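Since the structure of chain G is already known, use the hints to place chain D on it.
Protein chains in written order, with our numbering: chain G, 1 to 258; chain D, 259 to 577.
Any given hint might turn out to be false.
[Said to hold, decoys possible] Partial list, computed: chain G residues near chain D (C-beta under 8 Å): (1) 21; (2) 127; (3) 188; (4) 217; (5) 222; (6) 226.
[Stated by the list, open to error] If you want the footprint, here are the derived chain G segments under chain D, 3+ residues with CB under 8 Å: (7) 115-121; (8) 140-151; (9) 164-171; (10) 243-250.
Simulated from the structure, these hints should not be mistaken for lab results.
Everything numeric in this text was worked out from a predicted model, so none of it was measured.
No residue lacks a Cβ here, since even glycine has one placed at the ideal position from N, Cα and C.
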Amino acid sequence: MDIVVPMQQTVDLVEELELNDAGTDVEREYLKFVANEWDEQALEEALLFKEATGGTVTVVGIDETDVDGTLYSALAKGADRAVKLSGDFEEGVSSHRRAAILAAWLGDQSYDLVLVGVQSPEDLDGQTGVILANLLDVAHVSVAIGVEPHDGGVKVSQEFGGGVVHELALSGRAVVGIQAARQAPRYVSISRVRAAMQEGGLNETAAPDVDAETGTTVRRLYAPESTSHAEMLEGDADAVAARIMEIVRERGLVKGGS
Amino acid sequence: MGNDIFVLVEHTAGAVDDSTHELLGKAAELAGESGGRTVACLLHAGAADATSGLAADAVLSVEHPALEHFLPEAYVKAMASLLAEHEPRLTLVANTTVGMDVAAGLSARAAVPLVAYCTAVAFEGDAVVATSQVFGGKLNAEVVVDGAAICSVVAGSFAPASGGSPEVTEASVSGLDDLTTTFLRRVEPEVSDVDITAEEILISVGRGIGGEENIELAQELADALGGVVSASRPVTDGGWLPKTRQVGKSGRKVKPKLYIACGISGAPEHLEGMGDAELIIAINTDENAPIFDVAHFGTTEDLFDVLPALTEQVESAVG
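One chain only, chain G, in its complex shape (with noise of 0.2 Å):
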């Protein structure tokens, strides 16, 4: 099978977020981006789907901040092909546009399935790849935690609340947005990244000029007030690990003497 991975770059959550001036975004001149880890999963699902049965995966980027690094090291990682989409997207992009430029540029494509990151940290207005099935007018499914080949098709397995699966077979094109893959996503050495670089090989192409409102407004970012605090504990781990002893053992958690 044909398989194609769109890669979003996202926020490092890790970092401090600083918003905008207008307190509508976060600042995205100056914060580090990274992968969408839903979207790692991804590739590496499809990858161990290629692996298994043959076929290629193409992963697709957005021309979104350091998106070359993400492509690169998909590359490197066993992709057959990257292509990314370049226009102005500095601004950050809506799930319904990106779900409407990777609609358009698919349009053009050979390919049997979609994996995508079942969410992203930033998708208020609803997960790419949800959209992106709707527009193509293909089945979906999200929340997956696997993808294998059956009766020419594929079987999904679709995870709920709880642990309860449901294991659905897909007979036409479809996208899938894949929760977690059936193994952590592969580790790749930077030296493969940059030999993948040096190599070039990334297909570089007009982002498509689609029209897609979201129909919503952002009105206030911020951090959340919380109605509560932890009380921090103070001191060094021995002292730390003291205070907890105190804390647990006021409860009746610990027996014992003290």
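Frame of chain G; chain D shown alone:
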């Protein structure tokens, strides 16, 4: 655009999910403001009894063989058909697996704006104003939609409502006869020797534990305290602990007497599974980690120092 508030009913084996009752609670409040009705949308094959006791003014019951099990494309097409015909002012779905598949698809098909991951929804004049939990729970977005909207709602955001006798109307929808998705089977979660929902003490490890080889540190503390080790999603996805140990939205919901979160940031999906623990102590070097908002006590000291120190103290106390 009408004034009604639509709610997608989630049900399993004839029983309506808690998340639906929460949505109906909010829908009743909003319908009071809009002057419309709360309308529960029940998509099913032979599960009409699920409507009894629903706290809604009306039920739109769509019965079709393709709706016997949850098939994403069937649900999206059925709901899109209902929205096109009835034009509700607001449609509420839960941010569950079903909701994730339906909400965004419905937004695309029905051309109605969606606000995902909502924890609050209100009307301001003709607009819907929703609070969306984004960036891993680190930021909230106040989002305005002028006109009709769809909101997918995080579990636990609204008080549930139950006890009603809605008027049931049979509805027919289009698009369910040429699906490319087939239900194969339902797989129940594996049974394990440890039931983390029954344990009083959980030492829970997250991404910050670094690797499978370090889980021993948590295990030693669990052994000393008489508890067991549980985990957040990245740990079970990485295969460092079995899936049966996972706490959170897609794992187990736990309510132990003591929950020590080690290297867990506290993504909304995790908090959903452990926020009701009686005593929560969080160990995380990121002082801004959302876990500290639900924890009773916390420390930014390194878990690799705190865990062995605590284990030693517990061991010497219990002799």
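Mind checking, does the segment 164-171 of chain G have 3 or more residues with a CB under 8 Å from chain D?
Three-residue rule met by the segment 164-171 of chain G, so holds; n is 8.
With a cut-off of 8 Å on the beta carbons, see whether residue 188/G makes it to chain D.
Not OK, violated: residue 188/G not within 8 Å of chain D, min 16 Å.
Hinted contact residue 127/G with chain D - closest CB pair below 8 Å:
Since the shortest Cβ distance to chain D is 5 Å, the answer is holds.
How does the segment 243-250 of chain G fare against chain D when you require at least three residues with a CB closer than 8 Å, holds or violated?
holds (count 6)
Is the interface hint for residue 21/G satisfied, with its Cβ closer than 8 Å to some Cβ of chain D?
violated (16 Å)
Identify whether the interface hint at residue 217/G stands, where standing means a beta carbon of chain D within less than 8 Å of its own.
holds (5 Å)
Per-stretch coverage check for the segment 115-121 of chain G, three Cβ contacts closer than 8 Å to chain D:
holds (count 3)
May I ask you to test the interface hint for residue 226/G with respect to chain D, counting a Cβ-Cβ separation under 8 Å as satisfied?
Holds. Min distance 4 Å.
Coverage of the segment 140-151 of chain G by chain D, judged on three or more residues with CB within 8 Å
Since three or more residues must qualify, the claim that chain D covers the segment 140-151 of chain G holds, with 4 doing so at under 8 Å.
Going by Cβ atoms only, is residue 222/G closer than 8 Å to chain D?
Since chain D brings a Cβ to about 6 Å from residue 222/G, closer than 8 Å, the hint holds.
Figure legend: structure checked against the earlier numbered hints; hints not met, in rising order: 1 and 3.
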